Amino acid sequence: MPRAVPLFLFVLVIVAASGRPAVAQTSNATLNASVNGLARLSLSSAAISFPDADPDAVPSIQATPGAINLTVKARTLPGGTVTLTVVANGPLRSGIDTIAASNITWVGTGTGFSNGTLSAAVPQVVASWTGSGVRTGTQTFFFRNLWSYATGTYTLTMTYTLSAA
Amino acid sequence: MKAFVTMLALTCVSSTALAQQLDLSLSTAVVTFPGSDPDTVPLVSAAPVQVTYRVRQNNRATWSLTILGAGDLISGPSRIDITNVTWVATPAPPFQNGTLSKTVAQRIASGTGNVNPSTIGSITFRLANSWTYSTGTYTQTVLFTLTAP
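Going down the list, the protein sequences come from chains A and B.
Quick note: the first sequence uses this note's numbering, first residue 1, plus one each step.
Quick note: the second sequence uses this note's numbering, first residue 166, plus one each step.
Source of the hints: derived by calculation from the structure; they are not laboratory data.
Quantities reported herein were computed from a predicted structural model and do not represent experimental measurements.
In this text, a Cβ means the ideal position worked out from N, Cα and C, and glycines have one as well.
Treat each hint with caution, since some may be false.
[What the hints assert, rightly or not] Okay, the calculated beta carbon distance ranges per label pair: (1) T302(B) - V58(A): 48 to 58 Å; (2) T302(B) - T159(A): 28 to 38 Å; (3) A53(A) - S210(B): 53 to 63 Å; (4) P314(B) - T30(A): 25 to 35 Å; (5) S163(A) - A293(B): 19 to 29 Å; (6) T297(B) - T30(A): 17 to 27 Å; (7) T255(B) - T136(A): 37 to 47 Å; (8) T138(A) - V206(B): 23 to 33 Å.
[Claimed, not checked] Pairs of lysine to any residue residues, derived as SDA-like cross-links and limited to a Cα-Cα distance of at most 20 Å, are as follows: (9) K267(B) - L233(B); (10) K267(B) - A29(A); (11) K267(B) - T30(A); (12) K267(B) - S229(B); (13) K267(B) - P59(A); (14) K267(B) - R291(B); (15) K267(B) - N32(A); (16) K267(B) - N294(B); (17) K267(B) - P282(B); (18) K267(B) - S243(B); (19) K267(B) - T227(B); (20) K267(B) - V253(B); (21) K267(B) - A194(B); (22) K267(B) - R225(B); (23) K267(B) - T26(A); (24) K267(B) - S27(A); (25) K267(B) - T310(B); (26) K267(B) - T248(B).
Looking at chain A on its own, in the form it has when it is part of the complex:
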């Protein structure tokens, strides 16, 4: 019976020490992030050429250096529409001679990219999709080759417009 007291004491001391409460201090912070509207278009080439060819042998001339790679980056509202269009500044011109811009067509590849016919009057849709992100595609241009064209070196300028709404 006298040995029971020390054993009891030991058990109680251990329990009291292990019951020491863990403590914690907390502090809150708020993270704010601004994401602004932004759009960027990159073309792999700023110029294309249609080499001279016999209209009977090559009725449709493919542009060189081949397909243009387009990289389109846009940030927009959730569900917002991103649209890339192209318009010519006028017909192909060589001095006083002209060839209608509509004689130039293109084939588009890539999600959201479409085929089309160039216009000097109405911007034509090159690509369109919904939401922010980066899209890539290609455009391969073709020129309708006719015997009726006057000889010369013809040029025109195309303007691409990327918009997000």
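Position chain B against the provided structure of chain A, taking the given hints into account.
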């Protein structure tokens, strides 16, 4: 029997008196990531946050400072996963770099024993910038917790 009661009472009082004392404060309650072009600023840094902390009566026990996101960054229907937020913390040690989580508190700093007087650490939060984010002003709360042992 009287001696036993006295000894037990002393043990309990001593344990309570030795409870750790922790202090934690932040230099700012708002961390702001400015709008930036993802091509030129792929990682958007916020102004550094100064963390002041003190640990007393901790003996040789460990202490740790953690952070937990209350959720993703939210702007209306849009979300940016909170794991896109990382931080760089100094001095190391006791501080360490890491990535925010909304499920598991992440350790920012840890050590053993006391930190007294108050000590300052610096945390710079960074947001991985992306073209895929929808436009908007995103917000979320993060919770800093200093614990011992």
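query: Is the straight-line distance between the alpha-carbon of K267(B) and that of V253(B) 20 Å or less?
result: With a Cα-Cα distance of about 18 Å, the restraint between K267(B) and V253(B) holds, given a limit of 20 Å.
query: Is K267(B) within 20 Å of L233(B), Cα to Cα?
result: Answer holds: K267(B) to L233(B) is near 6 Å, not above 20 Å.
- request: Starting from the range 48 to 58 Å, see whether the pair T302(B) and V58(A) falls in it by beta-carbon distance.
  value: Given about 56 Å between the Cβ atoms, the range holds.
message: Check the hint pairing K267(B) with A29(A) against an upper bound of 20 Å on the C-alpha distance.
response: 14 Å, holds
- prompt: Taking 20 Å as the top limit, are the C-alpha atoms of K267(B) and T248(B) close enough?
  reply: Satisfied, since the Cα-Cα distance of roughly 8 Å is no more than 20 Å.
message: Holds or violated: the 53 to 63 Å window for the beta-carbon distance between A53(A) and S210(B)?
response: The hinted range 53 to 63 Å holds for A53(A) and S210(B), with Cβ atoms some 56 Å apart.
Pair hint K267(B) and R291(B), alpha-carbon separation not exceeding 20 Å: 16 Å, holds
- request: Given the hint that K267(B) pairs with P59(A), test it: the Cα-Cα distance must not exceed 20 Å.
  value: This hinted pair is violated, its Cα atoms lying about 62 Å apart.
message: Please check whether T255(B) and T136(A) have a Cβ separation lying inside 37 to 47 Å.
response: Distance hint for T255(B), T136(A) holds at roughly 40 Å.
message: Looking only at beta-carbon atoms, does the pair T138(A), V206(B) fall within the given range of 23 to 33 Å?
response: Distance hint for T138(A), V206(B) holds at roughly 29 Å.
field: Cβ distance range 25 to 35 Å for P314(B) and T30(A), holds or violated
entry: For T30(A) against P314(B), whose Cβ atoms are near 30 Å apart, the range 25 to 35 Å holds.
field: Restraint status (C-alpha distance of K267(B) to T26(A) at most 20 Å)
entry: 16 Å, holds
Of the numbered hints listed earlier, those contradicted by the structure are 13, 17, 19, 22.
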